[in-house]
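Colleague: Each chain, written out:
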Amino acid sequence: MEKLKKIPFSETKEMKSLLEVKDFSLSFPQYKKGFRESYIEVIKDFELTIHPGEIVAVVGSSGSGKSLLADSLLGILPENAEIKGKIYFEGVALTAKRQQQIRGKEISLIPQSVMALDPLMKTGQQVQSSIQNKKEKKRIQKEAFQKLGLPKDTHKKYPFELSGGMARRVLIATAMVSEAKLIIADEPTPGLDEQALEETLTHIKQLSENDRGMMFITHDIHAALKIADRIAVFYGGETVEIANNEDFLGKGENLRHPYTKALWRALPENDFKALKGNQPEAGEVFPGCVFEPRCPIATDFCKKNKPKSAMVNNGIVRCFYAES
Amino acid sequence: MLKVNNISFGYNSEHGVFKDISLSLKPGEILGLYGKSGIGKTTFAKIIAGYLKPDTGSVVVDGETYPFKRRNPVQLIGQHPENTINPRWQMNQVLGESGVFSDEFLRELGISNEWMHRFPSQLSGGELQRFCLARALVPETKYLIADEMTTMLDAITKAQIWETVLQLIKQRQLGMLVISHEFPLLKRTCHRILDFEDLLGKN
Numbered sequence: 001m002e003k004l005k006k007i008p009f010s011e012t013k014e015m016k017s018l019l020e021v022k023d024f025s026l027s028f029p030q031y032k033k034g035f036r037e038s039y040i041e042v043i044k045d046f047e048l049t050i051h052p053g054e055i056v057a058v059v060g061s062s063g064s065g066k067s068l069l070a071d072s073l074l075g076i077l078p079e080n081a082e083i084k085g086k087i088y089f090e091g092v093a094l095t096a097k098r099q100q101q102i103r104g105k106e107i108s109l110i111p112q113s114v115m116a117l118d119p120l121m122k123t124g125q126q127v128q129s130s131i132q133n134k135k136e137k138k139r140i141q142k143e144a145f146q147k148l149g150l151p152k153d154t155h156k157k158y159p160f161e162l163s164g165g166m167a168r169r170v171l172i173a174t175a176m177v178s179e180a181k182l183i184i185a186d187e188p189t190p191g192l193d194e195q196a197l198e199e200t201l202t203h204i205k206q207l208s209e210n211d212r213g214m215m216f217i218t219h220d221i222h223a224a225l226k227i228a229d230r231i232a233v234f235y236g237g238e239t240v241e242i243a244n245n246e247d248f249l250g251k252g253e254n255l256r257h258p259y260t261k262a263l264w265r266a267l268p269e270n271d272f273k274a275l276k277g278n279q280p281e282a283g284e285v286f287p288g289c290v291f292e293p294r295c296p297i298a299t300d301f302c303k304k305n306k307p308k309s310a311m312v313n314n315g316i317v318r319c320f321y322a323e324s
Numbered sequence: 001m002l003k004v005n006n007i008s009f010g011y012n013s014e015h016g017v018f019k020d021i022s023l024s025l026k027p028g029e030i031l032g033l034y035g036k037s038g039i040g041k042t043t044f045a046k047i048i049a050g051y052l053k054p055d056t057g058s059v060v061v062d063g064e065t066y067p068f069k070r071r072n073p074v075q076l077i078g079q080h081p082e083n084t085i086n087p088r089w090q091m092n093q094v095l096g097e098s099g100v101f102s103d104e105f106l107r108e109l110g111i112s113n114e115w116m117h118r119f120p121s122q123l124s125g126g127e128l129q130r131f132c133l134a135r136a137l138v139p140e141t142k143y144l145i146a147d148e149m150t151t152m153l154d155a156i157t158k159a160q161i162w163e164t165v166l167q168l169i170k171q172r173q174l175g176m177l178v179i180s181h182e183f184p185l186l187k188r189t190c191h192r193i194l195d196f197e198d199l200l201g202k203n
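Chains as they are written, first to last, in UniProt numbering: chain F, 1 to 324; chain E, 1 to 203.
Treat the hints loosely; a few may be bogus.
[What the hints assert, rightly or not] Quick look at which bits of chain F chain E covers, simulated, 3 or more residues with Cβ under 8 angstroms:
1) 52-62
2) 127-139
3) 192-205
The hints are simulated quantities; they were obtained by calculation from the structure and are not laboratory data.
Glycine is no exception: its CB is placed at the ideal position from the N, C-alpha and C atoms.
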């Protein structure tokens, strides 16, 4: 972890990637007036690379399509979803068949809701079921519970007997005991108070030990900045910027995209200043930049042309006016 | 003036949630209530808004007590708007239940005309929360209780909603109680902040 942080992004790129997503898009068919079928694109030209031992946060508002990303990587999208683009896991293409084989084993999910636990199974047993080393499963489960600070008798309890925080730790334990190399955490810290947030994030960070990679999906930039090495900012189904953690500083001068800057300044700790307008609807089509209608520095050029992603100051940005 | 006088409450007779809490909120005042999860902030909010009856003590709203024979002047907004809106109604029906709203008012809240014919599942959390605000801010409302109103929203949407709410509160001189575990947010929005644990500890 610590080692990785000091390596500039341009150099980490040469390292072997754990997950690589390129030109990925996802759309759903929609029927308009009668039987006319059209497609709405909910994720467009998504790109992201995660290296072993690295935590990459995907930050976006509700309704921006970020949870569908998790489903895409695990191959648990609804049947009518259409996907395009390339996903590589450890350098090998991640096909639907391979997804089915490795999900829960090499790629593990920490779901958003604590309701994801089986209500009729004791927690110990539930966690043990995702351990591949069957002989040692009791010991491994016990160690994980201990590491997460769960009381000794937790494995004998049913989910309804746990508090919200304990249930969340059981979910994290499930990912911890698996031999997964990539962990996808989908909003694992919704509405937690500062103390519970710190605690949960510490546990999540423990997961990135042993060279595991993690995708941390959240709407809470504050939580993302506490543990992530890099932050991918998701807007209107696109990654508008991939910034390094240390870029979020001061008035946001080091940030590259106007949306990221606005997001940073909107925090109550900073300027608490809102940006006008609403996020684009799912499937809304823009001939130019997706952020143009709300952008304070947009020009006519942005209306007609789509910015491609470019490398600026060791980060990736999709804006014509990003300064290097 | 909204006055909470020595209220106590427990979900069962053995374990009380809190005892003897008092508080007062003036029109035009924005009061913050800070505290970590699970110490009874939401229960407290529900009692003030008349959803729950306290075991002892009283809530006095401009000289009157619950139950009111008219629309409740104390309106509560919670954390999960999707749970408070009928999923089988289109948004114009949702608003229609509470009264008639002027286009100007809806524009002020940032509600787009296009959203009126959608179902709740077709709107995002921030968009739904604006509808909840519209419903809560009918002319009869004198006090607004915001219980983690923007916790589930991203920073920009959060700032947007607060900008609108603070403006409306000032315009109409409403009293507002902001319940949150986010201290920076309370510092930014409130005239005065109380720690819920201090309120509990006074007994």
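Colleague: A separate judgement is required for each hint: does it hold in the structure or not?
Modeller: Evaluation of the provided hints:
1. 52-62: holds (count 4)
2. 127-139: violated (count 0)
3. 192-205: holds (count 5)
Hint check: a violation occurs at hint 2 only; the rest are consistent with the structure.
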